Structure formats: C-alpha cells, structure tokens
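Chain by chain, the residues:
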Amino acid sequence: MEGSVSGAGLDARLQLRRGESFHLDLSMSIEPGMTVALLGPNAAGKSTAVAALAGLLPLDSGRITLAGVTLDDPERDVFVVPEERKVGVVFQDYLLFPHLSVAENIAFGLRSRRVGREESLARAGEWVDRLGLAGLAKTKPGSLSGGQAQRVALARALVTEPDLLLLDEPLSALDVTTRVELRRTVAEHLESFPGPRLLITHDPTEAFLLADEIHVIEQGVVTQAGTADDIRLRPRTSYVADLAGVNLIPGIADDGVVDTGSHLLRIADHTASGAVMATIRPSAISVHLDEPAGSPRNSWKTEIGLIEHLGERVRLRTEAPLSLTIEITEDASKALALREGAEVWVSVKATEIGIEPDQSPVEI
Amino acid sequence: MILGCIGLSVFVVPLVGLLARTPWSELPTLLRGDVVTDALRLSLVTSLAATAISAVVGVPLAWMMARVEFRGRALVRGLVTLPLVLPPVVGGAALLFALGRRGLIGEPLNQATGLLLPFSTWGVVVANTFVAMPFLVITVEGALRNLDQRFEGAAATLGASRWTVLRRVTLPMIGPSLVAGLVLTWARAFGEFGATITFAGNLQGRTQTLPLAVFVALESDRDVAVAISLVMVVVSLTVLIALRERWWKVL
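Chains S and A, in that order, give the protein sequences. Be aware that the first sequence starts at 391, since it is given in the numbering used here, and climbs by one per residue. Be aware that the second sequence starts at 922, since it is given in the numbering used here, and climbs by one per residue.
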C-alpha cells in the first residue's frame, strides 16, 4: 500500500508503542478528495493515529508522507513539528480556545502563520457568515451550542487551507437529534475539502454515510478495510459484525411508510419525507416459520441466503425483497431448523426502524 | 456560635484597637514624615521588584515542575514550599550564610563584582523574593497541571510556535491563577519583615521597609507606628478585595 498515492495525497504507515502493551501499526493511503474512516472501539488507537498524523506524537517507526513531503520518518531522522505541518484537525470536544471569541478562534491559525490581524479577522469573518454564525463572531465558545461549536471547529481547521483534514469524532459530543442534523454539515465540508480526509469514529453509521473507504481498527491494527458494503456484508471480526452489521435501506418516506422500491416498510416516524436511509439492527429482526400475528409489525416472506455461525449467534442474509443481515441466537436457529434456501417469514417492529436523511456518498 | 464569635474577635479586636488608637487629625502630617515616605517608597520598589523577579524565574520554574518529568521533582516541590513554612528569620539567616560578605556565594561574588547584597536595597529584594516567590510558583504550577494540554496541541496544529502557544494559549488560559499568584506574591513581599531585617538590616532609605519602620516607630513614636500600620491595613484590604473571587476559585 505504501507509496501508492502520489501528488497531493496522504501515505502513511503509523507504528507507535505506548506503554508496555499497546502497539499501533496501521497503513493508509488517501487520495485527494477521498474520505477514509477509521472505525473502531474506544482505546483502539484512533486518537493516537490522529496525534501521530498531526505531529503531536512522533512515530517510533514507519513514515508519513503528505502532498509529496515526508513529515515523519524516524529511520531517516525526519520529523516535521506540528506547527509546520499543513494538517487541519477537528478535535474531539472541539477544543475551542475558551478565552478567545469565535472570530479569534477561527483566525488563530492565520495569525499563527503571520497573516496580519486585520486580514485574519476579515477572513475569519467570511467563515462566520458562510457557516451561518453571523452575530456570534464576538461570542466566547462557552456559550455556543454543540452544533455551533462544531462549525467553529471546522472553520478553524479549514481556514488555513490545510493539505489534510482530520476529524476526530466530530459528532460524538452531540446529542442524537443534533447529530443527524450536523452530519450533513460535516458531509458538506468533507465534500468541499479538496485534499485527503480522515474521519475518526466509533459510530458505524457515521462511517458508512460519510466515508468512501472504511478501515476498522481494533487494538492498534486494522482488522478489515474496504467500502461500506464490504464491511457490512462481509464482516471479518465479531466487532465488525456487532457494530457494523447495521442494515441500511434507501427509500422514499411518506406519512409513516418508506418505499424501498421493492417493499413498503412501516415506520413510527410520520414526519419523515423524501429520500431517507432506513436503518435496522440485525438483532431487531425476528424470523418465523409462519406468518406472524400482530399488526404494528412489518413482516414479509423471504428466502434465507447465507447462514453464518458466530458462536452463540447466527447471522442470516436475505436478498428479496430486501437485502438484509439478520442476527438471531443459536438456540432460535436450532428451534427453527434453519437452512440455506429455506422459506421463512421475517418481521421487524416499526419502532425498531431508524430513519436518517439520505446524504450518503455510499452507493448501495 | 459563641465560640465562633470568640474566634471572629481574634481578628476583629486588634483591628479595632488600631483604629481606636489612630490620631486621625494628625494623620496627614504623620504620613508625610521622612521615615514614612522613605519606607513606603522602598517597600513599593522592593516588593514590585521581587514580584517581577518572581514572574521572570518563577513561572518557568512552575512550568518545569508541572510539565517536565525529572527525578527529584517531589524534592524540588518541597524546596519551593519550604519558605512558606520556614520562619522568615531563619530564611534571612540562611541568605546571610549563602550571600553574606563571607558567605558561600557572597564572598566570591563580592570579590568578582564588588557587589554586596546584605544591608543593601538589593538585599531587601532578594529577601522578599525568597519569602514571596513560592506563592507564585505554587499557584501557577497548580493551574498548569489543571490545564488540558490538548489545547496546546490544538494550537500547535494551527501553526503556533511554542512561544505563540505560551503567549496566546497557555498564559491566557491560566490568567486568573497567574494574576492571583502575582498579587499574593506582591502582598507577601510588601509585608516581609523577618528575612529582611536579618539579611538586609534596618537602614532608613536603604533597607527600612514599612514593616521595619513600624517596628522601630513602636519604640520611638507610637503615633507614627499607628499611621504606618494603617497604611498597610488599607493596602492589604485592597488586595483582598481585588482577589476575593479569584482567591476562592483558584486556591
């Protein structure tokens, strides 16, 4: 993988030891205009990777090349300090400077790079307007909402026109409703940023919706890399299977129903309309031999494609009318005497279907 | 409640005693006396000089203690804290043994430069700094420890050099503690007595600061002593009022 990106891209092999037990070892190549998500549980080494790319932690071995410039190469004694790297970072919790106003926060990177005070604040002001923060320029970050703080953090990272954009859990500090809304803001900024982009997240939905390519990282190493489909449909570790197995079904919502083109799904949310992404956890789907009773359920007849045994649990795939991953217990599977090719009924409660506005760069 | 009031009286009674004894009508004349103006000027100059020196070397020391991992850091912290608990007279004596005419460093220093610290105004500044700087170091060290270092990292990724990070992020973020530490340091230096009289002596216009002048005046002219005491009470109260919120927040 190393050396496969030329021009303005990022090429990195990150190798770090932290303490006795933790080793980070991952490689990534990101072309300009491409978003890679680093998806993994807490303490998997995601933030360490951010720190290494930003220059806050020197590599023990490996190499970082960005836009044709080697930033870190311990074997050749090359280390570019963070302030001389053109890496824009949106930090977890944003880390806006509490003693500076919104405009001064955004202007900080320009001022540090010796752009004059007047010009810096003028350019920061443009971002303030562009992000719909007009009127907040002189506000201190302490009184901003989570969404406003996030936009300021994005502007602060982007105003210096970096060669690489790092987003470290950009949505984790927000509550669920704002998260959905702000994912769109993040998506827009990712789209408009011309360089390579790296998104750090523990939320598979975030990774699926925002990234072109996903690297799953567990205990410091990449356990699986590929497109959202690769990860979702062919999970290689139990972590991926657990977290990344969520079903994403595009469709058109109207008055409590999502039309997927091949099926109508009843949903609890009657306000959603237009293009949406319905999400269903694999374990929220149940399997029956006969048509289940009970009216609030979605149920349909289908054929079992693939059966995978994962210890106590069994994963099933169905293709028509919907391409779904289903997870049931081994006991349930035995009781139903499931086999590949069998005809069964599946059902899912309307309240178990999540609805996200469709903003996905992922083709499904 | 009764015990509490007795406790309170411990602080209030002396103050009332001082105010009751104050010759209010003669106060302006008393405060214009040579001894008083000399001592006030000297006190202001030496306490501010001690505060400035503390800022220049004390903040880096606090930074070193908070941020640099080194062996014997606990020992260093103990040494810095020592002047807070050491009787100032002992501090003054120690300074005399180290920096006096025949002192460990004082003797070669005198031979090389002709500089003699004891019984000079610089001696007062040294004594003040010795006694007062710990307030600054301890306050700033605590603030630096509590500061989330990720902010400094964030500033670095935005292109800020180490100096810019210090100037635009670290120092402003610990600003309240820094100010509180400086004011405490200054107040302690302003009121310094024991180390000063031991190390620098009691020469009017050169080393006789306000507290020393009070001490001398008690023997000669009690009205002058009361007047100077009143000046110091006013100064102390002003500092307390200026600090009242920061004090509680920071310490």
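Heads up, some of the hints might be wrong.
Example chain A residues on the side facing chain S (calculated, C-beta under 10 Å, incomplete) [stated by the list, open to error]: (1) 941; (2) 942; (3) 943; (4) 1074; (5) 1076; (6) 1078; (7) 1090; (8) 1093; (9) 1096.
Just the calculated beta-carbon pair ranges, DEER-fashion [claimed, not checked]: (10) S:577 / A:969: 53 to 59 Å; (11) S:506 / A:1026: 44 to 50 Å; (12) A:1067 / S:574: 47 to 53 Å; (13) A:1000 / S:571: 52 to 58 Å; (14) S:450 / A:990: 34 to 40 Å; (15) A:925 / S:483: 55 to 61 Å; (16) S:563 / A:984: 27 to 33 Å; (17) A:1026 / S:450: 41 to 47 Å; (18) A:1019 / S:431: 54 to 60 Å.
Because the hints were derived from the structure by calculation, they are not lab data. The structure displayed is predicted, hence computed values, not measured ones. The C-beta atom is built at its ideal place from N, Cα and C for all residues, glycine as well.
Now the hints, each set against the structure:
| no. | hint | result |
| --- | --- | --- |
| 1 | 941 | violated, 47 Å |
| 2 | 942 | violated, 47 Å |
| 3 | 943 | violated, 44 Å |
| 4 | 1074 | holds, 5 Å |
| 5 | 1076 | holds, 7 Å |
| 6 | 1078 | holds, 5 Å |
| 7 | 1090 | holds, 6 Å |
| 8 | 1093 | holds, 5 Å |
| 9 | 1096 | holds, 7 Å |
| 10 | S:577 / A:969: 53 to 59 Å | holds, 57 Å |
| 11 | S:506 / A:1026: 44 to 50 Å | holds, 48 Å |
| 12 | A:1067 / S:574: 47 to 53 Å | violated, 37 Å |
| 13 | A:1000 / S:571: 52 to 58 Å | holds, 55 Å |
| 14 | S:450 / A:990: 34 to 40 Å | violated, 19 Å |
| 15 | A:925 / S:483: 55 to 61 Å | violated, 45 Å |
| 16 | S:563 / A:984: 27 to 33 Å | holds, 30 Å |
| 17 | A:1026 / S:450: 41 to 47 Å | holds, 45 Å |
| 18 | A:1019 / S:431: 54 to 60 Å | holds, 58 Å |
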